[in-house]
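A.B. asks: One-letter residues, chain by chain:
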Amino acid sequence: MSRVTKKASSVCTDSPLSMSEVCRKMTLMRQILTSCFGPNGRLKQVHNNVGGHVLTTSTSTSLLQAVSSSEPLLKLITASILNHLSRFSDCGLYTGILCFSLIDHVQKSGLRPSVAIKINKQLLEVCTSFLNQEDCGCKVNVDFNSCQSLMTLARSVISSKPACVLTEGEQQHISMLAVHAFLLTVPCGDTPGSPDRVRLGRTVTVSIEGQFVLDSAVFPGLLVNVPDMQLHPTDSERTRRGPGPFRLALFTVSLSGDLSEFGEGSLEVHCGAPDPEDLILDELLKLGEQAVTDQVEVFMCQRVIHPVLQHYLWRHGVLVVERLGIALIQPIVQMTGAQAVALYQTPIPPEAYGQVKGCCVRTVGSRKMLHLLPPGEPAPAVCTMVLCHRNDTMLNELKAACQRAEHVLRLTLRDPVALLGGGCTETHMAAYINNKGTTEAAEAAVSLGVSQSQYLLGLNGFCSSLETVALALEHDGGTGLVDLTYAHHWSVPQGEAIHSGTVLQGEGLQPGDGGEVPATCGCGLVERSGRPGPELEWTPLNTRYPLRPAPLVVGKDTTPQLRVLDSFTAKLNALQVAVEMANVVLDIRYVIQDVN
Amino acid sequence: MGSTIISQRLHVGLQQLTALAAVTHSFLGPNKNHKFIQDESTGESSLVCTCFRVLEHLDLTCSVGQLANETIQAHQKVFHSGAGCLLFMAGVWSRAALECLHRGISIPHIVSAMSEGLDICCEVCRSISVSIEDVRPVASDSGTPVLQGSPHTVLRNPVTGMNSSHGALNNKKQSRIKLTHSRHFCANDKADENTTPGLFSHAVSSKGVDIPHLAEAVSHGCVAAMSLVVEVSKIQSKNNGSGDSCRTFDVNKLVTCTLPGLSEDHSCVLPGCVILLSAEQASLVHHMKEQKWQVVLINGDLSEKYRHLGFNNKNDISQVTDKLDLKGLSKEDDWEDNVLTTLLKNNVNLVLVNGEASERLTQHCMSHRILVVERVKPDILKDFAETTGAVPVTYATQLSKHCVGTRVEISIWRDCSGNRRRASMAVNIVADRTALVTVVLTTSVHSKLQTLEDCFWGCAYRLHHTLKDRKLLPGAGKTELLCVQTLQKHIKDNGEQTPQAKQGRAGNPHRADVFQLMADGWMDYISTLMLNSGTCSKVDAWTTINQQLKDFNGGLSLDANFSRLLLRDDTEDGMMSPNMKRSAGKVYDNMTVKFEAWRKALDLVFLVLQTDTEIITGIDPKQVEGQSNVMVL
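Chains H and X, in that order, give the protein sequences.
Per this note's numbering, the first sequence starts with residue 1, numbered consecutively.
Per this note's numbering, the second sequence starts with residue 597, numbered consecutively.
A hint or two may mislead.
[Said to hold, decoys possible] Computed list of lysine to any residue pairs in SDA-like fashion (alpha-carbon distance at most 20 Å, straight line):
#, chain 1, residue 1, chain 2, residue 2
1, X, Lys1218, H, Val595
2, X, Lys901, H, Pro276
3, X, Lys901, H, Asn225
4, X, Lys927, H, Ser20
5, X, Lys927, H, Val292
6, H, Lys75, X, Met1227
7, H, Lys75, X, Thr1213
8, H, Lys399, H, Ala327
9, X, Lys1218, H, Arg362
10, H, Lys286, X, Met1227
11, H, Lys25, X, Met1227
12, H, Lys25, X, Val1226
13, X, Lys1218, H, Ser20
14, H, Lys368, X, Lys1064
15, X, Lys673, H, Asn225
16, X, Lys927, H, Val269
17, X, Lys1218, H, Val22
18, X, Lys927, H, Ile280
19, X, Lys1218, H, Pro72
20, X, Lys901, H, Leu259
21, X, Lys1064, H, Arg362
22, X, Lys901, H, Cys271
23, X, Lys910, H, Asn225
24, X, Lys1218, H, Ser70
25, X, Lys910, H, Lys368
26, X, Lys910, H, Val22
27, X, Lys910, H, Ile280
28, X, Lys673, H, His53
29, X, Lys1218, H, Ser68
[Said to hold, decoys possible] Restraint-style ranges between C-beta atoms, simulated for each label pair:
#, chain 1, residue 1, chain 2, residue 2, range
30, H, Glu351, X, Asn934, 36 to 44 Å
31, H, Leu343, X, Asp918, 28 to 36 Å
32, X, Asp655, H, Phe212, 27 to 35 Å
33, H, Val595, X, Lys673, 32 to 40 Å
34, X, Thr854, H, Asn225, 29 to 37 Å
35, H, Ile588, X, Val608, 33 to 41 Å
Keep in mind the hints are simulated off the structure, nothing from the lab.
Each residue gets a CB set at the ideal place from its N, CA and C atoms; glycine is no exception.
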């Protein structure tokens, strides 16, 4: 019996940002994201309290997908971060922290949202044009003649996730694999037919739990899972046979011989008439016959192959692989040039066949896998990255980090530049726009139609937000400093700054007594000693000390020892998303919720 | 639905990990105390004495418990040994980490110092590891070991103790030479493993080693189980053409068969496989003795209704007919006739089925003197496929001449019919040239079966890892003692450093503190080992260990007395056999397994230590209202 309940009217919230509950939730979310940030970030355990899987992570993608909020504003921000991540994979936490920080600063400053939005927009433009400048001080060129900067990029991504639990050697190994895999997927020469276009290959990741991290490896071609029983004795001969290329047929349709594709409904079979199952099997065997006469040597199917057909093919020396799964189909198509056949009732068209150069059985960890070697050029390169780790939690985090590293490396093909990591880009950029904004405040205020004091307030909030991101790298009670010459970020661990007692609020540290300041800045570009020019002075972050950053001239012949590099493309977009999202949230006047 | 956030600034997780690990403290060492786990709701109970079984049976509601379980099961799956050590160390090190936090050491410092400490210790342990060629009865003239370099643990063998002093020296020299060879051998082995061209698992090669002696060294008190393992090696070597000597051991060619009801001394090792049959079927076997038979292998069920995996059965197919079926033959009859004809045509005498076999067909076959055996393990089928040349098929109707395997012997092994249970006979089926060996484990206490099986596999894998590593670590706590000593040495050296060096950025100001706490963890391990051995109380144990460490630093090496002490049997009922007492000084541990267990324990601690927040998803915010330390997102 259905019951009619009166429809509740929608709930309208006026200026949601002024609600304490909303603010509390936003602060909580901001704390969660901030505490995850960087190589010393804290992990979060996410589970559903009814014995479900426990996710331990500090990766924004995994975290934001798992955690949901009932607050519409938070949902909005989460969705935009996830959207950014789906396009660039990197800088998710950065986007979140910056966005929340901007909102927070505007609220604290007491600026009217409309004014703040205008100022934020203008400052974003200043930032983007600064980052796009040829001589931007926080940008370095990615040199494709050596692996150095690619390795640094990859290692920065991988080392930023503590849940991977890697030793230094393991980090190096995995970063090397990530770069290796990336290089393998860049094809040599042009793609035939379209000389001005390059089609990148792809990396397939295979993860194996319980093995040594250093057993992780990259193989050109594809590794396909084959259950032990499926490797027929004759397969070993096939895999050992001399050089190919071998012809390959690929099916996406189930060859299990069942009647499921006829859909629902009952079937009436006349007694004495042949069994429909047998008829289908005959059809399948005809297909097998054709494959054998066409000299197919590798026969693959996304789904199940009828055992009788498998048996027939084995008897004729064909290597059979079933249950590939949908994820592998596209890579196989890309590598072998085969067309996935979705029909078995008609003969296989000759152009559907693909090629592999050879195959062999590889033992990876505890698993036996079939290795399909790619045919020579011009097929785009497909490679397999086998990742091993000691337990599932760390393996998942490592897998996500590697995929992120691959994406970041790919982005360098479009823009062969990278940004200084370790918070240096943020402090440098903050110093730059602070300096520029202060000197040009009068004109900027006039053009935006706001008062100069409002503009300076907005500018201050914006710069502080950027520096907050750099500060978020610190989790253990340490402090962040910025040097007054280059405006790079220097992090001082907890307890160290106390004994010297020379950190002066608002004033620079005296040179020479900075025993507690690390030897290099966050990104590793600026060294404390052994550097030409004047001695460095420091001030704590967020103290608004007027400083004009001098871009560090990087000698063309000496490669700087950069420790951390961030993706330029991803960070630029993250900056835009964060500012625009903050503006959208500030602009929201009413939230109308349907509570039915 | 929102998410709930629990902030864990108090590091409850580390305490939970310590508490969980404490459950398994009594499993450490050779004298294991069983635990009885009872489920209040169902009344079910089980007897356990290994760490991974405990976790398997516990209802782990906390997220840390689940994380620990995940790690332990993954370790067990790969190594089949060392899970107890893993959880123990995770427990003591999480206590160490907690203490570090109390002392105000920051998390990055704890993490870096602890992983550095482990790296240092693993390096030192690796350097004192003993090549398996050196683990043999070596006589020494005076009982005090003469030490130069690697084997710190030349032990006196009471049996050959006083034979000849010259012989001992010669022996040692020879083994040194062998050591260099073995390294090369190792390298080749590893390269091979990466690109296995063939499909067949290979036995771990063990040229020039004394398997029975090695087995004794890693038996860890499971003498009975280990002697079964040695027996396996003997049979495998024989099949391999190595004669009577123990030359090879392949853990992949090993299956266990558990038979409750018989007493434990009936456990034994047989070539081929052992299968339980009904008395009726067994009577057929009586006629099949002493001949070679033909075999087929069915991968799936042997029934008309069975379809292969992935086949979606359509239920609504109806048969329509326009005339009355007078013969009354069903589809199943047709199928049965078909199968039987195929089997007879191909002269098949034995059908091994992975799944279940249709009872009617089994009966029919029996009347034609064809034995159908159901529920055969996949490992066994695989071995038969390799050794008899039979090709496994899914449907019996698929069978043809080339699928038939040859030269299989079958014999009755033992009547296992209990007084009340169904009459059953254990039958031994052996393929020609097979390397497959079955270990029959028997016990009169049914609930001990699982424990026996776990114990046996533990022994088998310890031997396997020994042969694979070709290196062993001194056991009975000696390796741990060395770790403690190593860390203490580093603490001392660190203290003597110039203040400037200490201030260096690379240096960790709290390194010494963390090292000390980490070393205490290992001390805890050794003392628990001693406590469990029944030799002394925990306090006495600490005193003894500290005394040992002093001697050790004074230039003396770890001597056998220490490990004797560990295993001295003071219990009144004399739980230890004289055999065990004799071997007390010669206990060894697997190197790779131990290192991995330590590493994984530290992983677990790090994951929990670095977690600051627990997020529970899918909870109605109203449920948690009013709870402190819980926030709603």
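A.B. asks: Now look at each hint and say whether the structure bears it out.
C.D. replies: So, going through the hints one by one against the coordinates:
For the proposed pair Lys1218 of chain X and Val595 of chain H, the alpha carbon gap of about 15 Å is at most 20 Å, so the pair holds. At roughly 15 Å between alpha-carbon atoms, Lys901 of chain X and Pro276 of chain H fall within 20 Å of each other, so this suggested pair holds. A C-alpha spacing of about 29 Å is found between Lys901 of chain X and Asn225 of chain H, which places the hinted pair above 20 Å, so the restraint is violated. A threshold of 20 Å between alpha carbons decides the hint, and for Lys927 of chain X with Ser20 of chain H the separation of about 74 Å lies outside it, so the pair is violated.
Of the supplied pair hints, the one linking Lys927 of chain X and Val292 of chain H is violated, its CA atoms being roughly 33 Å apart against a limit of 20 Å. The hinted pair formed by Lys75 of chain H and Met1227 of chain X meets the criterion: a straight-line CA distance of about 17 Å does not exceed 20 Å. Taking the CA atoms of Lys75 of chain H and Thr1213 of chain X, the gap is near 15 Å; set against the 20 Å cutoff, the hint holds. About 16 Å separates the Cα atoms of Lys399 of chain H and Ala327 of chain H, which keeps this hinted pair within 20 Å; it holds.
A distance of roughly 54 Å separates the Cα atoms of Lys1218 of chain X and Arg362 of chain H; the hinted pair therefore is violated under the 20 Å criterion. Between Lys286 of chain H and Met1227 of chain X, the direct Cα distance comes to roughly 65 Å. Violation of the 20 Å bound is thereby established for this hinted pair. This hinted pair checks out: Lys25 of chain H and Met1227 of chain X have alpha carbons roughly 9 Å apart, not beyond 20 Å. Among the hinted pairs, Lys25 of chain H with Val1226 of chain X is consistent with the structure: their alpha-carbon atoms are about 13 Å apart, no more than 20 Å.
Among the hinted pairs, Lys1218 of chain X with Ser20 of chain H is consistent with the structure: their alpha-carbon atoms are about 18 Å apart, no more than 20 Å. With a C-alpha separation of about 19 Å, the suggested pairing of Lys368 of chain H with Lys1064 of chain X holds against the 20 Å cut-off. Restraint check: the Cα-Cα separation between Lys673 of chain X and Asn225 of chain H comes to about 19 Å, which is no more than 20 Å; the hinted pair holds. Restraint check for Lys927 of chain X and Val269 of chain H: satisfied, since their Cα atoms lie roughly 13 Å apart, inside the 20 Å limit.
A distance of roughly 16 Å separates the Cα atoms of Lys1218 of chain X and Val22 of chain H; the hinted pair therefore holds under the 20 Å criterion. Distance check on the hinted pair: Lys927 of chain X and Ile280 of chain H sit about 18 Å apart at the alpha-carbon level, within 20 Å; holds. The straight-line distance between the Cα atoms of Lys1218 of chain X and Pro72 of chain H is roughly 18 Å, inside the 20 Å bound, and the hint therefore holds. A distance of roughly 15 Å separates the Cα atoms of Lys901 of chain X and Leu259 of chain H; the hinted pair therefore holds under the 20 Å criterion.
The straight-line distance between the Cα atoms of Lys1064 of chain X and Arg362 of chain H is roughly 19 Å, inside the 20 Å bound, and the hint therefore holds. Taking the CA atoms of Lys901 of chain X and Cys271 of chain H, the gap is near 18 Å; set against the 20 Å cutoff, the hint holds. As the CA atoms of Lys910 of chain X and Asn225 of chain H are separated by approximately 29 Å, the hinted pair breaks the 20 Å bound. Taken as a hint, the Lys1218 of chain X and Ser70 of chain H pair is honoured in the structure, with Cα atoms around 12 Å apart against an allowance of 20 Å.
For a cut-off of 20 Å, the pair hint linking Lys910 of chain X to Lys368 of chain H is broken: about 34 Å separates their Cα positions. With a C-alpha separation of about 55 Å, the suggested pairing of Lys910 of chain X with Val22 of chain H is violated against the 20 Å cut-off. Distance restraint check for Lys910 of chain X and Ile280 of chain H: the Cα-Cα separation of roughly 14 Å lies within the 20 Å cut-off, and the hinted pair is therefore satisfied. Annotation: proposed proximity of Lys673 of chain X to His53 of chain H holds, straight-line Cα distance about 19 Å (limit 20 Å).
At roughly 16 Å between alpha-carbon atoms, Lys1218 of chain X and Ser68 of chain H fall within 20 Å of each other, so this suggested pair holds. Between Glu351 of chain H and Asn934 of chain X the beta carbons are some 41 Å apart, a value that agrees with the proposed interval 36 to 44 Å. Between Leu343 of chain H and Asp918 of chain X, the C-beta spacing of about 35 Å keeps the proposed range 28 to 36 Å intact. Our hint of 27 to 35 Å for Asp655 of chain X and Phe212 of chain H holds, since their Cβ atoms are close to 32 Å apart.
Between Val595 of chain H and Lys673 of chain X the Cβ separation comes to about 49 Å, which falls outside the hinted range of 32 to 40 Å. Look at Thr854 of chain X against Asn225 of chain H: about 31 Å separates their beta carbons, and that is inside 29 to 37 Å. For Ile588 of chain H paired with Val608 of chain X, a C-beta distance near 38 Å keeps the hint of 33 to 41 Å intact.
Hints 3, 4, 5, 9, 10, 23, 25, 26 and 33, counting from the list given before, are not met by this structure.
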